[in-house]
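Using the hints provided, position chains B, C, D, E and F relative to the given structure of chain A.
Residue numbers (this note's numbering), protein chains in the order written: chain A, 12 to 302; chain B, 12 to 302; chain C, 12 to 302; chain D, 12 to 302; chain E, 12 to 302; chain F, 12 to 302.
Be aware that a few hints might be false.
When chains are identical, the list treats them as one kind, so a pair holds in a single copy or across two.
Stated by the list, open to error - In silico DSS-like cross-links for lysine-lysine, where the CA-CA straight-line distance does not exceed 30 Å: (1) Lys94 x Lys27; (2) Lys286 x Lys94; (3) Lys231 x Lys94; (4) Lys16 x Lys231; (5) Lys16 x Lys94; (6) Lys223 x Lys24.
Since the hints were made in silico from the structure, they are not lab data.
6 protein chains.
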Amino acid sequence: MFFHKQELQFSAKPDKPDAIFARRLQEVLGGQYGEITVAMQYGFQAWNSHLPGKYRDLLYGIGSEEFGHVEMLAIMIAQLLEKAPVEQSEEAAASDPTIAAVLGGMDVQSAIVAGAGARPVDSNGNPWQGSYITASGNLLADFTANANAEMQGRVQVARIYHMTDDPGVRDMLSFLLARDTMHQNQWIRAAQELQEEGVEALPVPSTFPLSKEARDHSYKYINFSDGAMAADGAWASGPTPDGHGEFTYLDGPDTSAPMPPPTQPDPRFFGTDAKPPLIDKAEGVIRDKLS
Amino acid sequence: MFFHKQELQFSAKPDKPDAIFARRLQEVLGGQYGEITVAMQYGFQAWNSHLPGKYRDLLYGIGSEEFGHVEMLAIMIAQLLEKAPVEQSEEAAASDPTIAAVLGGMDVQSAIVAGAGARPVDSNGNPWQGSYITASGNLLADFTANANAEMQGRVQVARIYHMTDDPGVRDMLSFLLARDTMHQNQWIRAAQELQEEGVEALPVPSTFPLSKEARDHSYKYINFSDGAMAADGAWASGPTPDGHGEFTYLDGPDTSAPMPPPTQPDPRFFGTDAKPPLIDKAEGVIRDKLS
Amino acid sequence: MFFHKQELQFSAKPDKPDAIFARRLQEVLGGQYGEITVAMQYGFQAWNSHLPGKYRDLLYGIGSEEFGHVEMLAIMIAQLLEKAPVEQSEEAAASDPTIAAVLGGMDVQSAIVAGAGARPVDSNGNPWQGSYITASGNLLADFTANANAEMQGRVQVARIYHMTDDPGVRDMLSFLLARDTMHQNQWIRAAQELQEEGVEALPVPSTFPLSKEARDHSYKYINFSDGAMAADGAWASGPTPDGHGEFTYLDGPDTSAPMPPPTQPDPRFFGTDAKPPLIDKAEGVIRDKLS
Amino acid sequence: MFFHKQELQFSAKPDKPDAIFARRLQEVLGGQYGEITVAMQYGFQAWNSHLPGKYRDLLYGIGSEEFGHVEMLAIMIAQLLEKAPVEQSEEAAASDPTIAAVLGGMDVQSAIVAGAGARPVDSNGNPWQGSYITASGNLLADFTANANAEMQGRVQVARIYHMTDDPGVRDMLSFLLARDTMHQNQWIRAAQELQEEGVEALPVPSTFPLSKEARDHSYKYINFSDGAMAADGAWASGPTPDGHGEFTYLDGPDTSAPMPPPTQPDPRFFGTDAKPPLIDKAEGVIRDKLS
Amino acid sequence: MFFHKQELQFSAKPDKPDAIFARRLQEVLGGQYGEITVAMQYGFQAWNSHLPGKYRDLLYGIGSEEFGHVEMLAIMIAQLLEKAPVEQSEEAAASDPTIAAVLGGMDVQSAIVAGAGARPVDSNGNPWQGSYITASGNLLADFTANANAEMQGRVQVARIYHMTDDPGVRDMLSFLLARDTMHQNQWIRAAQELQEEGVEALPVPSTFPLSKEARDHSYKYINFSDGAMAADGAWASGPTPDGHGEFTYLDGPDTSAPMPPPTQPDPRFFGTDAKPPLIDKAEGVIRDKLS
Amino acid sequence: MFFHKQELQFSAKPDKPDAIFARRLQEVLGGQYGEITVAMQYGFQAWNSHLPGKYRDLLYGIGSEEFGHVEMLAIMIAQLLEKAPVEQSEEAAASDPTIAAVLGGMDVQSAIVAGAGARPVDSNGNPWQGSYITASGNLLADFTANANAEMQGRVQVARIYHMTDDPGVRDMLSFLLARDTMHQNQWIRAAQELQEEGVEALPVPSTFPLSKEARDHSYKYINFSDGAMAADGAWASGPTPDGHGEFTYLDGPDTSAPMPPPTQPDPRFFGTDAKPPLIDKAEGVIRDKLS
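Pulled out of the complex, with its shape left as it was, chain A reads as follows:
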C-alpha cells in the first residue's frame, strides 16, 4: 500500500515561470530515464522479486522515494508553465520575440491538452511507455540496469542544469543530482554485494550451466571493423571479470557457416519462389498453379 502526504521531499518552487524550461524538465519526468521509469522499474522489480529480505526492502524503500520525485517534478513543471502565453499565432510570434522564443521551446500540448500542466511524456512529447522499464527477476542484471538508469538520469539533469539560471529550479536540481549520486553508488554497491554473497555471479545468469555454452567463443574479442586499436584495451587480453577465462583478440571471425538455402513455405503463402515460370512464353498463357 502507498500512503500520500501533502508535502514534498525537497523544495520544488521556481523563482519565476519558464515554459521553455518546463519542456526540458519533462525529459526527467516522463522520458526513457525519467522519474516515472525508475519509480515503476523498482516497483516491478520488488513485486516480481523471488528473494525476501534486504534486497526487496531496498527496492521498496527507494521505489517509493521515486514516486515522490515524480510528484516534485510534476508540481515544478506546473509552476513553470503558470504564465505560459495563450496567443501563439504566426503573426503574434513574428512581432514579439518573447512569444517567438516561447513557441520554439515550449511543448504545445502542455497548453492545448493540459491547460498549462505537466504530462507523462518526454521533452519531445512522446508518451511514457511500459517498455522503458526492466524487471527480469535476475537481480544482478536488474541492479546493473538500475545503475545505468541512475547514470543516464544524472547526465540528463546535469545537462539541463545549465539550461536555466533560476535559483529555485537549480536548488531542486542540486537535490536530484545528489539523490542520483546516492542511487548510482547504491546500485553499484548492491550489485557487488550480490556477488560477494554468492547470490548471483558473472556471467549473468550465473546458474545457467556453462557446459551448455560454446565455451570456445566465450572470451574472444572478434573485430568486425578495420580499426586495430581495440586490441590495446583491457578487454582484449588479461583475465576476464567473471574469473573464468582470459581475453584473446582476433582480427576477424574465425568461424563461418554457409548461408542456408532459401526457405520454401507452403505455396498458399503466395511468396515468390523457385516455382516454374507462371508465364509460358510459347503458349502465351499464365498457368493457374493453385486451383
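Okay, now just chains B, C, D, E and F, sitting in the frame of chain A:
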C-alpha cells in the same frame, strides 16, 4: 561503410521447423534487448563518440558483429517457420491438437504479413523501436547500459534454451550465450578501464562540479517503506563506490517542503480554478466571465 | 511524498497458479483502463490542479489508493505465473494438451522477459503508455473522464471474473468490483457537486463565452445516416442538459460550403500540381522547371 | 456504406496562411480527443452494437458527421500551410524573426513529409493510434466516454480559439464549438435515457450480480492521503448516485492483508532466488546448480 | 462530407462464428495494410492534393469506398466473435480442446475490452497508427505507395482465405480480392497516366533539377555484398526506366571519404571526450574540470 | 555477416554546424522512409527470400549500402550538432534571436538525451519502429514497396536540400539524391523483370486462383463521391495493366447487402443488448439478470 558476406558467423540451422519456437526467438531478434537493439546501440554510440581510438574501435568492432547476429536470427526464424501451417480456423484447431498448439504459440503476423518470415518485432509482435537504445555520449554510462543489455540478453537466451530441444537451434543458442558472456565481460572491463585511465569516474557524469550538488543528500539511504532489513546492506553503511563518502541510513525522510499552492494560469486555458461561482444562485444565471 | 507499507489493502492470493488468467489480469493492471492508468490519471490531475481544497484532496486520496491496487495486481500476477512451464516447443505442446493450452493463453514475454513476473503491459502485451491518461485542468471534463475510466474498468473486471473459478482470485476481484462501484459513484457525485457549487457548468468549458460560439448549431441533431429512429431519442427534442436550449432534429445537414480549391504551396516542396506539362510532347523533352 | 460529397458542412477557409496555427489545429484533427478519435469511436460503437434501433442510429448518424469534420480540419490545415516557408536553416532563422517564429511553431514533418499538408498526428507529431478509442459494447460506459471526449475536445478548441485572430479560422472554430456543445448535451442526455429506460443502470455494468461484489467496500471513501477536506464532499456522505447505498468516510484503510511471500518459479527462469549460495566460500568454487 | 447508409456494399455474414478467424481478419481491418490504412491514406492524399480534377476525384471516389470496407470488416468480425466463450482459465482450457484452441487463436482484448467486438488493431493487437499512411503531395510517389498497399493487402487476404472454409466469409473475401485487383490495376494505370500526361516523371520528384544531383552516381549498381549474380539483372545494364541513363555494375564502391574526426561539443553536455585525465595519478585526486 | 570499414562512401562533412538542420536530417535517418527503414527493409526481404540467385543478391547488395548511409547521416548529424548551445531558457531565448531560433528548430532530445548526438528518431522525435518496413515474401509487392520508399525518400531529400545552403551538406545530399535516383530506377526495373520472367505477374499475388475471386467486380471503377471527372481517367476505360480485363466506370455501387442484425454475445460480456428492461417500473426494482 558496411560490407556483407553471404556466410554466417555460426551455424543457424534447425533440425526441423517449429513455428512456436520461432515466435520465442523473435524476442532475441527484435525485443527490447534483442540483437537489433545492441547492433543499433553500439552503432549510435560509435557515431556519436567524442573520443577517437580504442573505445570507438571497440564500438565499431562489436556493433558490426551484432548486425551479423541480427541476420543469423532472421535466417533461423525463417527456417523455423518453413512448415508453418496455412489452415488455422477454429474448426481445424479444435479437431487437430497440433494446429491448436501452433495457433497458441505462433505469431500470426509471421504468417499473414510475412508469409512465413522473420519480422523486426518482439515475441508479442510489438515492433522494434528506436527508444530501446541508449547512446548518451557519456561512455561510462553507456558501457553500463551495454553491460546490462548483454546481461538481459543472456538471461533471455538462457530461458528460451529450455523451450526447445532441437539440436540445431540449441547449437546456435550455445554460441549466442558464449558471445553474450564475452560481451558482458568486455563491457564491464571497458567500464573499469575508463575509470582506471581517469577518462570517466563515479558519479557519472564525473565532470559535473560536485560543489553544485546538494552534497548533504548524496550518500543517505532514505527508507520510504516499512521494511527495515535494507539497513543491513552494504549500501547503508561503509564507503561509497565513488570514493567520496560514507553511506548512512535514515528510517524516513529528514527533509520536507510544503506543497506549493495550486497554479493559476491564464483563464483562457479554461481550467477549473478558484474564481467566483459561475452560477449566482440568487439570480439563477450563469455569469459570462470572459467576454 | 509517497510512503509504502509492506501490506496489501486486501488479500491478493490465488488458490493455485494459472498462467492463462495471469495474462487476462494484465489488462486490469497495464491496459488502457487498468490500475496504472487511474493511479497516474488522478495523480496528474492533482498535480495540475488549480483549486485547493476538497477536490484536490479527493484526487490525492484516491490516487494513492490506486497505486496500491497496481501493487495488488502485480503481486497477484506474479503468483499466478509461479508455476508457468518452461518447456514450450511445438513438439511439447502438440503432445501435451496442458502445455498447448498454456501456450495459447499465456503472455510469452512474462516468461522470457520477466521470468514469470508481472509487467506494465496490457493483455496483448502492448506497453502501458502516457497517452492513456487525461488531465486537462478542467475538473468537470476530467471527472467525467474518471467516471468513464471506472466504468470501463468495472466492465473489464466483471468480464474476467467469469474467466476464472479460483476462489482466491475471485475474492480479490470482488473487492476491486466494489471499489470500482464506489469510484463510479464518487466521480459522478463529484461532477454533480462541481455544477451544484457553480464551479463548472455545461457546456464544458463553462467560461468560454457562448457569444463566440455559432449558437445556431448548438442544439441540432443532424443525421448523416439513413436510420430515422434517432429522432425518437431524448437527444432530438426537449430541453438540453446544459439548460440553455431545446434539442431539434434535422434529417441531414442544413449548411454547406464549397470545397476550397486545392492549395498551391512553394514548388520546392515538389508536390504534383497544376503546372504546365513537364513533357513537351512536340519537343520530346522534359522541361527543367526549377533551376 | 459511406458516400462522399465534395462540399463541406461549414466554411473552412482561413483569411491567410499560418503554419504555426496549423500545428495547433493538428491536435483537434489527430490528437487523443481529435476528430479522428470521435469518428472512429462512434463508428466502432455502432459496428459492435448489440442493440438495434435509436441508439445505434444515433451512433451512425453522428459518427458520419465526425468523418466530415476530419475532412474540414484537414482541408483547413492544408490551407494554413499553403505559404509555409522552405528555407529553414539556422542561419536563415537567426537573421529573420519571421522564419525563427515559424520554425518554433510549425510541425517540421508537415513540410518534409507531407509537402505542406495535413497529417493524422497530434500537435506534437505523435501519430493517431487505435488505442485512443473506446468501444466496450456497454452503452452507458461508452456514452460516458463519448461525453468526456466531447468535453475534452471542446476545451481544446476553446484554448486554440485564442491562439489565432484569423476571422476565417475563428468562424470554423465557432462552428466546431457549437457542435461540441450539441454532442456533450446529447451524450449526457442519451446516458440518462439509457437509465430511464432501464437499459443500463449504475453501477456499470448493471447486470453483474451485486451479490458477487464485496458490498462492504462499495460505498466507503478511503483516504490514502493526509488532506482531510475531502470529507466535506458530497461523495463522503449522503446517498450514492446508483441509489443502492450511502457514502461513508474513512480516514485510512480499514482492511489489510499480509504481503504474500516472494514467488519461487522454475529455476530455469534464472531469477535470483533463495537458493543456497552459489559460491562456497570455504571451497572457493561456484556450484553448478543446473546440469 | 460523408453520408452513411445502413447497407453494406457486399454480403458480410459468416455461416458460423469463429473467434480464431476473427483475429486473423483484424489484420485486414486494422493492420499496416488494412482497410483503415487505405481509407485514411486516400483521404489525406485528396485533402492535401494540389491538383483539381480527375486525380482528386479518383482519390475521393475510392477513399469513400474503403471507409465502407472498414465497416464491412468490423461487422464481419463482430459476428465471428458472437459466440466467443467466456470461460477461459487454464483449467478450462486444459480439459477442453475447443477452449484451448480458441485461447490460442483469439485476440483476448476482443473479449475483455470490446465484449466480443471488433477493434482498430492488427492481428497481434497492435493499435492502428497514423504512421502507416503516406500522403506526400507528390502523386507519382503516392500512387506507387497506393499500388503497393493494394498488393500487400491482396497478398494478406489471399493468405487468410485458406485459413477458413466458411462459405460466408470466403464470399466476402472473394469480393475484397476482386476490389484489390481493381485497385492494383487502377493505381498502376493512374501512375502511368501521370507520366503520359507529363504531370510527373521519373525520377520522383521530377521537378528537382537534375543538375543539382551528383549525376555520376545516378545509374551505378554498387554491390556491397559478395553475391555476383545481381550483375545479371536488368538493373545492372541497359537503359534506365527514367529514360535518362544506362545502368552500370560495380563490384564494390568506387568512392570513399575519410571518417570525420569525433565531435567535441560543449563540455557541459558531459560526454566522454579527449580532455586531460580526470584523475591525476601522481596526486591521486579528481580534477574538477568545470567550476 | 557484416564487416565495417572506418570510411564513408561519400563525404559527409558540413562546412559549419547547424542544429536546426540536424533535426531536419533526422527525418532521412530515422523517419518512416529514412535510411534505417530501407536498410532494414532490404535486409528482411533478403533473409525471408524464397528465391536464390540474382534477386536475393540484389537485396543483399543494396541493403548493405543503405546501412552505410545510416552511418553517413548519423555522422553528419553529430557534426551539425557540434556547436549546439547549452543555455536554452526562456530568458536567454527572449534576449538572443539566435538562441530563440535554435530552440525553435532543434530537437531538444539531441541535446538532453544524446549530448549533441544523432538518434534513431524522425524529425519530430518519434522513435523509428519496425512497423515502417515491408517484407511480405512476395517480391513484386515488395519491390513496389521499395520503389515507393525510394521515391518518398528522394522527395524528402529534395525538400530539405532547400532548407540549407551549406556546401558540405548539399554535397552529401546531391549524392543521396543520385543514389535514390538509381534505386528508384532499379526497383522499377526489377519489378518489370519479375514480370518479364514470369516469376510474378499482376494481380499480386499472381498464384492465387482467379476463379476464387469475384471476377464481376475486378475491373469496375465504383465512384463513392460526387466528382465525375474520374470517369475521364485511363483507369475508367480501356485495358487493365494485368492484361486480363477492361476497366468500366460506375457512378455508384451496383451491389448492396442488408446490414446484419446486431450481435448477441454471451450476457457475461455485460454489453448493452436487447434484454428485457432492467428496471421494472411497475415494481420499481432492478432485476438481477445473472445470479
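Status of Lys94 relative to Lys231 across identical chains (alpha carbons, at most 30 Å): The answer is neither: 59 Å in one copy and 36 Å across copies each exceed 30 Å.
With 30 Å as the alpha-carbon cut-off, assign the pair Lys16 and Lys231 to within, between, both or neither. between (54 Å within a copy, 20 Å between copies)
Intra- versus inter-subunit Cα pairing at 30 Å for Lys286 with Lys94: between (69 Å within a copy, 17 Å between copies)
Tell me, please, which holds for Lys16 and Lys94 at an alpha-carbon limit of 30 Å: within, between, both or neither? within (27 Å within a copy, 38 Å between copies)
Alpha-carbon proximity between Lys94 and Lys27, which holds within one copy, between copies, both or neither at 30 Å: Answer is both; intra-copy 9 Å and inter-copy 28 Å each pass.
At most 30 Å between alpha carbons: which applies to Lys223 and Lys24, within, between, both or neither? between (57 Å within a copy, 18 Å between copies)
Checked against the numbered hints above, the structure violates only hint 3.
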